[in-house]
Amino acid sequence: MTATLDSAHRAAQNAEISLAQAVNRALRDAMTADDKVVVFGEDVGVLGGVFRVTDGLTRDFGEQRCFDTPLAEAGIMGTAIGMAMYGFRPVVEMQFDAFSYPAFEQIASHLAKMRNRTRGTLPLPVVVRVPYGGGIGGVEHHSDSSEGYFVSTPGLHVVTPATVSDAYTLLRAAIESDDPVIFMEPKRLYWSKDVLSTTGPEIGRAVVRRQGSDATLIAYGPTVSTALETAEAARDEGYDLEVVDLRSIVPFDDETVCASVRKTGRAVVIHEAAGFGGTGAEIAARVSERCFHWLEAPVRRVTGFDIPYPPPKLERHHLPSVDRILDAVASLQWEDR
Amino acid sequence: MTATLDSAHRAAQNAEISLAQAVNRALRDAMTADDKVVVFGEDVGVLGGVFRVTDGLTRDFGEQRCFDTPLAEAGIMGTAIGMAMYGFRPVVEMQFDAFSYPAFEQIASHLAKMRNRTRGTLPLPVVVRVPYGGGIGGVEHHSDSSEGYFVSTPGLHVVTPATVSDAYTLLRAAIESDDPVIFMEPKRLYWSKDVLSTTGPEIGRAVVRRQGSDATLIAYGPTVSTALETAEAARDEGYDLEVVDLRSIVPFDDETVCASVRKTGRAVVIHEAAGFGGTGAEIAARVSERCFHWLEAPVRRVTGFDIPYPPPKLERHHLPSVDRILDAVASLQWEDR
Amino acid sequence: MTVLATPDKTGSDFPLGFATILDPSPLQYLDEHGALSGVLRDDAPELAPERLLGTYRAMVVGRRFDVQATTMVRQGRLAVYPSSYGQEACEIGAMLALRPTDWFFPTYRDCVSMVTRGIDPVQTLTLLRGDWHCGYDPRRWRTAPQCTPLATQAPHAAGLAHAARLAGDDTVALAFCGDGGTSEGDFHEALNFAAVYQAPAIFFVQNNQYAISVPLAKQTHAAALAHKAVGYGMAGVRVDGNDVIAVQHVVAEAATRARAGDGPTLIEAVTYRMQAHTNADDATRYRNASEVEYWKSRDPLARLETCLKACGLLTDAVVAEANQAAEALADDMRARLGEEPEVDHRDLFRHVYAEPTPQLREQAAALQAELDADLDAAEHDEAGVEAAGRGLDASGADGAALGAVEAEAGR
Amino acid sequence: MTVLATPDKTGSDFPLGFATILDPSPLQYLDEHGALSGVLRDDAPELAPERLLGTYRAMVVGRRFDVQATTMVRQGRLAVYPSSYGQEACEIGAMLALRPTDWFFPTYRDCVSMVTRGIDPVQTLTLLRGDWHCGYDPRRWRTAPQCTPLATQAPHAAGLAHAARLAGDDTVALAFCGDGGTSEGDFHEALNFAAVYQAPAIFFVQNNQYAISVPLAKQTHAAALAHKAVGYGMAGVRVDGNDVIAVQHVVAEAATRARAGDGPTLIEAVTYRMQAHTNADDATRYRNASEVEYWKSRDPLARLETCLKACGLLTDAVVAEANQAAEALADDMRARLGEEPEVDHRDLFRHVYAEPTPQLREQAAALQAELDADLDAAEHDEAGVEAAGRGLDASGADGAALGAVEAEAGR
Ligand SMILES: Cc1ncc(C[n+]2csc(CCOP(=O)(O)OP(=O)(O)O)c2C)c(N)n1
Ligand SMILES: Cc1ncc(C[n+]2csc(CCOP(=O)(O)OP(=O)(O)O)c2C)c(N)n1
Ligand SMILES: [Mg+2]
Ligand SMILES: [Mg+2]
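Protein chains in written order, with our numbering: chain P, 969 to 1305; chain Y, 969 to 1305; chain S, 78 to 488; chain H, 78 to 488.
Heads up, some of the hints might be wrong.
Stated by the list, open to error - Where chain S lies over chain Y, by a calculated footprint (3+ residues, C-beta under 8 Å):
#, stretch
1, 1037–1048
2, 1077–1090
3, 1138–1147
It should be emphasised that the hints constitute simulated quantities derived from the structure, not laboratory data. The structure presented is a predicted model; accordingly, all values stated were derived computationally and were not measured. Every residue gets a Cβ at the ideal spot worked out from N, C-alpha and C, and that includes glycine.
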């Protein structure tokens, strides 16, 4: 009997789950572990969220722990702040990327600043889940990559998983953090599946997803898989590429990133957001500064164009593709070859 | 009589006016030239704005051309968009830096995107005036440098004057532009005075404010004068510094900036906003990429720290100072000296 | 047809008094059974026979459009479609009360209105087909692009109305909004600005009882959304949103007041979203069939038909003509939406600014070079074909799955 | 003292009925001449003699604080001060109706309230002195940091109230807001959330007739700000904001209802901003002296004094003791605000996060090295002194000029 249970348990453990399910599991486990954790937002209750990420939480934890709100993002953010002031640990959902913008003042002027403002007496352990990124054929406003707005707002942590396991571990860590965390969920990966591992590095650590010696691809969230694909494709073209998955943009893991670039001497930064003033600018700038004497070529960026996110039928031209990254790699001044 | 008038006119022309007055004059001249230009916002009417930038406009042009609004920035931005759709050219004021945040969704999701969304049939000739920057002893939320949020939002132009004349010419150009322009006014310079010249380069052109051969200081808005001061001070230390005033961040003048850096081989980027993910990251990244083979040293950034803007008594530690810029210049690997 | 005037519900001071506003029972001229309630004056323009027949025709055609669009989603010819089936009295009634010179601010749900205004169905569906964000010329049709970020169109309408008034024109701006949208800050700011400016704006809330899955009771604690008018010192009225005569009448009254300089009006139309939020939503997760059945029995088109039959206006010829027009429209949609339109990658850069920035020119050139290279490679080299196809392809299996779920969420 | 009960204005259903809300004349228990209007029941706790005397003392001390703060701005000991002179009935009355376990959400204008709550005057003024953004421990005083971005504190209060209710506590959250602040979207969203959740929140609008220079007529077209309650299905009440007894009473009633689970209340207190927006504002640019004079004649402290005199409560001893307490407070402010507090540059990095990020550690170290080097240079080298002073100095002539004008703008 125990054996049967154990093997069922093991089987369950080895079963693949989707990234959306991993987020759901992290929410459940956090809600079970700490009854101050509450989940709310638009349609997160009975419906279970438009991506089913909060599926079953209201049923299993009750309306007091997971609830629908009126349709108002500043209100969601502001009430989350008020609840956190009273000792709760709210996890709120902004239904889609561009719909966090109405909450921007609450995020920039309060969420990011309350701890500092009060010299640490009023920390705000709030997690803001933002499904983001393109490649899903969404109509306007449903494919933005808004991470840059948060990344440049001191006081926020900004993390983004690229794998099923990171979705779980980073979210658990985010909920446990006493600081506000913007949790960017690459919605294109919601249905990607993998076996879940519930242990992982802390917030603030990048990981090398693939070892390589010729150049480093630096990616996060939805572009990590594109980077890995590129590395595979590059092998045929004679390049041995290393892939770094940032996982956390703030704090930034200079150590891992710089160690990789110093080893390879070349770097390409990849993200979906528009390039100009995007997060890749920061990465390229700091890598260029910190690895100056190791660099064989300028750091290249492969990003979305400096345009509003295009309609579905054109988005494939906009998003970083394997080809475009390969082109960037090829441009890294390989005269010595 | 004509002679008297002429010389009075000349005298008036040669009289120094403040940057705030230059903005006022640009508004007046634009309102006189085109009766579709309307000015509105909080306290811009009878009071003439909290910085007196709109002084006398309601008196001289009437309540229909310059008017107070209810206290709601999204409403101001949204109604400006609606008026522009009907053929007006609104110039709106966000009273202080951080108070544009409530309008963020209107700016990011509509102002920046309407022309593109409608394939050019619905352009939005709106100017958003945002007083910004620190060094004035303001309480919280009154010293933010919010340009980065706009700079990374495709569809917006972002300009910022550093001189009395640029305040005039850039604002006139912004109002004449058929695209939305975020006009960042360095409020620390509102009272700086100079003789007004009403001609200047178009939007999108940087200017070399000081010629030099050893390194390029790249600055905009409030830090241009600090950069110029630094260049003076550096002379004593044996460095001949060039100073580039960007004037326009979007569009960006790669030509002028790169020409300067290729000439000097070294660059320091300066701004007040937090460094991480700030506009300086973009500048450093593109200069590092485009001038890679000309660079003798990594591009340095002297910016605000990655912290919420500090209270008045601590802001001097936060803001880029002559000393800190000099230190950065000294760190530009001058082994060859 | 005898219709009696009831001065206390019509006339000049009609939607203004608090008493009217605070009574949450909606105005109705056509009752649940399709009978005229008799409170409208006989000479109300909405009751003129030719007007009633025009309304009928528009309702038949509008519904056919909606059904056809839903079909085309199932066939994969449209990416997503938020249906307004059952809301046609609002969609169409409001449009019929406007002049062509008035401006209309639709949401993602209001395709039927746009078609009623005269916009080409294919251009109407450009957004939902994924070709471009807006397929028609907003100036020509005085119809703003369909708005997705909720309630953000409301301040545009307030601003445009204010502008029209400053310009001395008698243009009115009407913005649609959902019950959910009324919770957004922009809704509040828009109504307040319009009231303070006494702008000729009409804020028309289609209270269809749900915001995706969230029912009205979780959206507001007030007895009626129209009550919000009180806080702005604005005219407010609650109307039966399945009664196309009542809708036309209240919008016409609001427009008349707006043109006369008497300021904005908030209209709450009580209706029901018969379909799921969009094709991809599963409404059974959050509401039960009996509720849907109840509202089915109040179908706005059936009610109008009953009424017209009762007054002898609905001849076979009228029905045949309307159906013919509807089928012609559906045929045209099938044909033209069946074609795959050319998309031009250069459009990515063309309209970001009046003139592309140097940066955009560089990027456009880079993309062009990339595509040219791909083409060369494909032409001259077999391996190239593979390379060209290696890019991210949203139509792949994963993309399609996500597209479906994404489609479910708010448009 | 005879005070008669008037059931239709008091009692359990008091602020709920629309009739009450829609009558824009504010509730008043102490008339313009300082006479009790007789509508409060004799046993209303606010009328207990010891309570009245406590109120009087708090009013005298609160006003003294305000006057002293204004003086200290003139002396350059405070950067800026937004005075609430003339609004003490709101500032103090609301506080006296709360329990220490209730939460308070003040704005930049509400220092007098904070001092009334017991917060140290120097800690209260930390923000306005430029030392730090908040000088007190918000948890200890259950008082949020003073909020500058208008109306953004209102959703915090709604959320905290909801949290308290979920936790099973009988805590009430009261947020202050200005007349101008009611136009912000956050105000709307907060009231709606609180109403939907039936959260124990009180939204107290000090309608002091101006938002900097903008008069109420340009802020709303409604007859009263309290009317906004209707749209949220929320209790709403309009009270004479210069009547400290009425203010206490309506806040106490709202708190009782909130604790009983009967939901939030919107209170509009009609008062007047006697001073300019802040010390640096010039109110003569936008309003005339006669208006100020009119409101001076309705001074809340004078009215209370008249009343207490009339009922024989205001003995010389009472007056002397209150004045003594007020002067002691003023002396203390003079002394302690006269000292220049130590500011520690390391505070820049200490509380951005629970643990500084590696980036912040680097930056803190760089600043430390810079300051150490300056110190070394200053100690060992004359030229260094000059170099150390070369940095941007906000206290320079230019900085001061700008500081003054900046001070005028919204805090
Ligand atoms: C600002 C914003 N937040 C969230 C969404 C996602 N969303 C799209 S439709 C919708 C529900 C809207 O409900 P309602 O306003 O009642 O209109 P209906 O769809 O019923 O016509 C939501 C939450 C959005 N489009 N915009
Ligand atoms: C979001 C936001 N916009 C603008 C300002 C600038 N500002 C500060 S106070 C003020 C007027 C506020 O008026 P009101 O709400 O009536 O409060 P009062 O100052 O009269 O107490 C303004 C516009 C601000 N602080 N926050
Ligand atoms: Mg709805
Ligand atoms: Mg006020």
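Hints, one by one, checked against the model:
no.	hint	result
1	1037–1048	holds (count 9)
2	1077–1090	holds (count 12)
3	1138–1147	holds (count 3)
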